[in-house]
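Build the full structure now, drawing on both the sequences and the hints.
One line per chain: the protein sequences are X and W, in this order.
Be aware that the first sequence starts at 1, since it is given in our numbering, and climbs by one per residue.
Be aware that the second sequence starts at 1001, since it is given in our numbering, and climbs by one per residue.
Calculated directly from the structure, the hints in this document are not laboratory data.
Just so it is clear, the structure is predicted and the values come from calculations on it, not from any experiment.
The beta carbon of each residue, even a glycine, is placed where N, CA and C say it ideally should be.
Heads up, some of the hints might be wrong.
Restraint-style ranges between C-beta atoms, simulated for each label pair [what the hints assert, rightly or not]:
{"id": "1", "chain 1": "W", "residue 1": "Thr1111", "chain 2": "X", "residue 2": "Asn22", "range": "31 to 39 Å"}
{"id": "2", "chain 1": "W", "residue 1": "Ser1073", "chain 2": "X", "residue 2": "Glu15", "range": "38 to 46 Å"}
{"id": "3", "chain 1": "W", "residue 1": "Ser1096", "chain 2": "X", "residue 2": "Glu3", "range": "33 to 41 Å"}
{"id": "4", "chain 1": "X", "residue 1": "Arg41", "chain 2": "W", "residue 2": "Arg1064", "range": "23 to 31 Å"}
{"id": "5", "chain 1": "X", "residue 1": "Glu15", "chain 2": "W", "residue 2": "Ser1009", "range": "27 to 35 Å"}
{"id": "6", "chain 1": "X", "residue 1": "Asn55", "chain 2": "W", "residue 2": "Ser1096", "range": "13 to 21 Å"}
{"id": "7", "chain 1": "W", "residue 1": "Lys1015", "chain 2": "X", "residue 2": "Ser52", "range": "45 to 53 Å"}
{"id": "8", "chain 1": "W", "residue 1": "Asp1018", "chain 2": "X", "residue 2": "Pro110", "range": "43 to 51 Å"}
{"id": "9", "chain 1": "W", "residue 1": "Thr1030", "chain 2": "X", "residue 2": "Lys2", "range": "26 to 34 Å"}
{"id": "10", "chain 1": "W", "residue 1": "Thr1030", "chain 2": "X", "residue 2": "Pro110", "range": "38 to 46 Å"}
{"id": "11", "chain 1": "X", "residue 1": "Ala20", "chain 2": "W", "residue 2": "Pro1055", "range": "33 to 41 Å"}
Computed footprint of chain X on chain W, listed as stretches where at least three residues anywhere in the stretch have a Cβ under 8 Å from a Cβ of chain X [to be verified]:
{"id": "12", "stretch": "1042-1054"}
{"id": "13", "stretch": "1100-1108"}
Heads up, incomplete: computed chain W residues facing chain X, CB under 10 Å, no partners named [to be verified]:
{"id": "14", "residue": "Val1004"}
{"id": "15", "residue": "Ala1031"}
{"id": "16", "residue": "Tyr1033"}
{"id": "17", "residue": "Gln1037"}
{"id": "18", "residue": "Leu1060"}
{"id": "19", "residue": "Phe1065"}
{"id": "20", "residue": "Val1089"}
{"id": "21", "residue": "Ala1093"}
{"id": "22", "residue": "Ser1095"}
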Amino acid sequence: RKEVEQDPGPFNVPEGATVAFNCTYSNSASQSFFWYRQDCRKEPKLLMSVYSSGNEDGRFTAQLNRASQYISLLIRDSKLSDSATYLCVVNPAGRRALTFGSGTRLQVQP
Amino acid sequence: GAGVSQSPSNKVTEKGKDVELRCDPISGHTALYWYRQRLGQGLEFLIYFQGNSAPDKSGLPSDRFSAERTGESVSTLTIQRTQQEDSAVYLCASSSTGANAQFFGPGTRLTVL
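So, in structure tokens, the structure goes:
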């Protein structure tokens, strides 16, 4: 089983739609959680950290469910510029490096 | 402030040649990582440095791959006797500690002919 699993998509949504991605992780003792976005042929960029209480940054909301070991990302009012691959990232306990999921591709259409 | 930088941005080499890829992390970041990303694929972890030591080299695919870091700053990834399957984008990232968010450089696109 992979340490971090994501639905690869693609998710094709119209502009203005709300879209949600989930990610599951295998190590219940994991400590740190993040979402990154990666545009085509570019490096990954940090989108937001994910906190136990959930957090919001503008149109983006991240949630952590420790009991079920999943992380979610909600994007409201999708823009064309949101089209990218979204990477779920976890710091598994006992390791000092982050583990990246394979990513979920989002395509926002006009 | 300055982000992570990598050089060269592109490298084309012939099969069997050695290549060196360089990464300059964000100043003060003690943790440094190398990843490989083949076209259309996810990130493949290669090696992690904490300071100048590498506590996790588990991702290096073969003994043709090696990396070093000096002065708790610059890191070099060396690939010896390159093969066509080594063609990929090599990404470097740094963070203030191993558990914190990583910041990526723009990558080096390696093409082995």
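Comparing the hints with the structure gives:
| no. | hint | result |
| --- | --- | --- |
| 1 | W/Thr1111 to X/Asn22: 31 to 39 Å | holds, 36 Å |
| 2 | W/Ser1073 to X/Glu15: 38 to 46 Å | holds, 44 Å |
| 3 | W/Ser1096 to X/Glu3: 33 to 41 Å | violated, 23 Å |
| 4 | X/Arg41 to W/Arg1064: 23 to 31 Å | holds, 26 Å |
| 5 | X/Glu15 to W/Ser1009: 27 to 35 Å | holds, 33 Å |
| 6 | X/Asn55 to W/Ser1096: 13 to 21 Å | holds, 20 Å |
| 7 | W/Lys1015 to X/Ser52: 45 to 53 Å | holds, 50 Å |
| 8 | W/Asp1018 to X/Pro110: 43 to 51 Å | holds, 48 Å |
| 9 | W/Thr1030 to X/Lys2: 26 to 34 Å | holds, 28 Å |
| 10 | W/Thr1030 to X/Pro110: 38 to 46 Å | holds, 45 Å |
| 11 | X/Ala20 to W/Pro1055: 33 to 41 Å | holds, 36 Å |
| 12 | 1042-1054 | holds (count 5) |
| 13 | 1100-1108 | holds (count 8) |
| 14 | Val1004 | holds, 9 Å |
| 15 | Ala1031 | holds, 8 Å |
| 16 | Tyr1033 | holds, 6 Å |
| 17 | Gln1037 | holds, 9 Å |
| 18 | Leu1060 | violated, 13 Å |
| 19 | Phe1065 | violated, 16 Å |
| 20 | Val1089 | holds, 8 Å |
| 21 | Ala1093 | holds, 8 Å |
| 22 | Ser1095 | holds, 8 Å |
Checked against the numbered hints given earlier, the structure breaks hints 3, 18 and 19 and satisfies all the rest.
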